[in-house]
Amino acid sequence: DVKVTQSSRYLVKRTGEKVFLECVQDMDHENMFWYRQDPGLGLRLIYFSYDVKMKEKGDIPEGYSVSREKKERFSLILESASTNQTSMYLCASSPQRTPLYEQYFGPGTRLTVT
Amino acid sequence: KQEVTQIPAALSVPEGENLVLNCSFTDSAIYNLQWFRQDPGKGLTSLLLIQSSQREQTSGRLNASLDKSSGRSTLYIAASQPGDSATYLCAVNWGTDKLIFGTGTRLQVFP
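Same order as they appear, the protein sequences are chains Z and E.
Heads up, our numbering is the position in the first sequence plus 919, with the first residue counted as 1.
Heads up, our numbering is the position in the second sequence plus 40, with the first residue counted as 1.
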C-alpha cells in the first residue's frame, strides 16, 4: 500500500514564526502536492512538484514556499506565519505527472497560528 | 472555467438505505474522476478512480458511475452503515497535472 506521512498531526505556532511542514511518501512517486482545506472552500492547491528540485505554483501560492531535495520528501514552508494560514494542510503524491493518475493523501496537519 | 459541484452539501439517512451521492462537472472532456472519503480531522482515502473510457467502477458496496455527456458522476452506496458516515469528495482531472475538487457531501448514517 502507498503510504504518505506528515510530520505532525497538530501544530500551534505564533504569528511571524517560520513553519515547516514535512511530507514523505514511500512509493517512489514522481508527483507530490500540498493543499490546504478550509470549510466552505474545499481543497485548494498551494504548490506541487513533479521532480526533485522542481516546483510549480498552484492556485494559492502566496505566503508559502516549498522544497524538494529528495524524491520522497516534499516540504511546505510558511516564511512568516499569519493567522489567515490557520488551516488543515494535506500532502498527496501520485505516480505520473500528466495526465494525473490516482492521488494518495497523508493524514493531514492541523495548523493553528495565534 | 472547469468546476466540480457536489449537491447536497449534507445528507442524513437511516441505516440500511441505499443512497446516491452526486458530482457534476462543467467540461465533459475529462481524463478521469476520483471519489474520496474523508473522516473528520483526517486525510483523504481514495475509494474509486474512473477513467474517461469507463462507465462505472465497483468496490464492495460502492459503485461509481460516469456519464461524461451529461457532466455527472454518481457514487452509489448499498445498504448504508453508521461506519459509512464521513464526507465524500469527488475530484476531476482534465488531462493536466492537477485535480479539481468538489466541496464534498457530508453523509451521516444513523442507527
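Do not rely on the hints blindly, as some may be mistaken.
A partial selection of chain E residues facing chain Z, derived with a Cβ cut-off under 10 Å [said to hold, decoys possible]:
1) Gln42
2) Val44
3) Ile47
4) Asp67
5) Leu84
6) Thr85
7) Arg95
8) Ser125
9) Leu129
10) Ala131
11) Ile140
12) Gly142
13) Thr143
14) Phe150
None of these hints come from the bench; they were simulated from the model.
Built from N, CA and C at the ideal position, the CB exists for glycine as well.
Hints and how they fare:
1. Gln42: Given a least distance of 12 Å, the restraint on E:Gln42 is violated.
2. Val44: holds, 9 Å
3. Ile47: Result: violated, 13 Å to nearest chain Z Cβ.
4. Asp67: At 14 Å from the nearest chain Z Cβ, E:Asp67 fails the 10 Å test, so the hint is violated.
5. Leu84: It holds, given that the least Cβ distance between E:Leu84 and chain Z is near 4 Å, below 10 Å.
6. Thr85: holds, 7 Å
7. Arg95: Violated: closest Cβ of chain Z sits about 18 Å from E:Arg95, beyond 10 Å.
8. Ser125: Hint on E:Ser125: violated, closest Cβ of chain Z at ~18 Å, above 10 Å.
9. Leu129: holds, 8 Å
10. Ala131: Result: holds, 8 Å to nearest chain Z Cβ.
11. Ile140: This hint holds: E:Ile140 lies near chain Z, its Cβ roughly 9 Å from the closest one there, short of 10 Å.
12. Gly142: holds, 7 Å
13. Thr143: holds, 4 Å
14. Phe150: violated, 23 Å
The structure does not agree with the numbered hints 1, 3, 4, 7, 8 and 14 stated previously, though it agrees with the rest.
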